[in-house]
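Q: Here is what each chain is made of, one letter per residue.
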Amino acid sequence: AQTVTQSQPEMSVQEAETVTLSCTYDTSESDYYLFWYKQPPSRQMILVIRQEAYKQQNATENRFSVNFQKAAKSFSLKISDSQLGDAAMYFCAYRSNMFSGGYNKLIFGAGTRLAVHP
Amino acid sequence: DTGVSQDPRHKITKRGQNVTFRCDPISEHNRLYWYRQTLGQGPEFLTYFQNEAQLEKSRLLSDRFSAERPKGSFSTLEIQRTEQGDSAMYLCASSLGRGPNTGELFFGEGSRLTVL
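If you read the sequences in order, they're chains L and Y.
Residues 1 to 118 in the numbering used here are what the first sequence spells out, letter by letter.
Residues 119 to 234 in the numbering used here are what the second sequence spells out, letter by letter.
Chain Y extracted, bound-state conformation (with noise of 0.2 Å):
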């Protein structure tokens, strides 16, 4: 399967705890993202990566959340910290930056957290 693939995809914690999702994009998508959904919501953009550069990061993305790519490749989504609001599906998607389908994101089954 060469998808995008998230990991887990269920993780339960306590509040106080960190956690860390790691996103394996599709290889030769230059481009990543990170979104949240919530429960009857659509996702959110949290933040994106081109290359192994973070280009932009919403402002839901409060001081407790990191996210890293490193070598352009995988990336990592850590919480601090977590507090029960931070439940929610992790959405890991890629596309390509250039191209005739720029634009069409590709997304991965996504890591649930619970935060107990």
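So here's chain L without its partners, still in its complex pose (with noise of 0.2 Å):
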């Protein structure tokens, strides 16, 4: 079975810097996503970015950037130029592309809390 580790249960950043989460995850599977979700405080949980398994190049949405090493099966997540809306819990998802007759569903990490100080 899949598992996701997210071993940062907190982390924090001042505005404008830089931080990276971690992310580990144990597969034997070779085609597979793997995601970032940002969960606000009492707001609902949205796609920050994606990666796909077989794409060696790491995948970029504006500040956020990942590091994808997919033979240390690592996936970080990188925030740059940080800002107070970025204040959130982070998690990070697994998501089989194997078909398997069934529903490939999303494995959750236990999540990382990023505060950031102005």
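Just so you know, the hints here were simulated from the structure itself, not pulled from any lab data.
Heads up, some of the hints might be wrong.
So, partial list: chain L residues that the calculated Cβ filter (under 7 Å) puts toward chain Y [claimed, not checked]:
#1 Phe108
#2 Gly109
#3 Gly111
Beta carbons: idealized from backbone N, C-alpha and C, even for Gly.
From the two separate chains plus the hints, produce the assembled complex.
A: This is the structure in structure tokens:
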């Protein structure tokens, strides 16, 4: 079974600085997706960035980028020029892309709470 | 607002009572999911619908839990004879089952259940 581990329960960053959130995962599959979701306080979870395992190039979305190390099974999120609105819980998630005859569910890590200080 | 909506947002109930949560997905989304999130944890998959068919249920979904999606539109999640361990945030999400963004889930704000 696949697992996702986020080893940093809490992180903090100064406004305008850069922070990196860590995520490791365990799988025997070769075809899968990895995601970072953001969950602000009392708001819905939204997708921040997605990486397809067969793509070697790291995904980038504006101030958000990932460092995808497939061999090491590592998928970290870098937030550049941090803003107060980035404060939230961040969840790393895995989804198989292998056809299994059923639904390939998202498997989430436990999350990292990010605080942004002015 | 055309996002995923959930009702009620908060529910406090006594142990042994039944509760029902409703989810209205994004209108063109044919896939609907329920997840449960306890404090300090990431969401855990409960069940999945494609249109009106419930195609997968987690072992977390005991026989006290039932979910429906009549006509492939809104969905309900009912918990019978609630227990204190059922206290959690129940998240609904929806997605398109086709197209380039397959796999991106759109979440509602959740229904928080407190069982006293």
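Q: Does each hint hold? Answer for all of them.
A: How the hints compare with the structure:
Residue-level restraint check for Phe108 (chain L) holds (minimum Cβ-Cβ distance to chain Y is 3 Å; threshold 7 Å). Taking 7 Å as the C-beta cut-off, the interface hint given for Gly109 (chain L) holds, the closest approach to chain Y being about 5 Å. The interface hint given for Gly111 (chain L) holds, since its Cβ lies 5 Å from the closest Cβ of chain Y, which is under the 7 Å cut-off.
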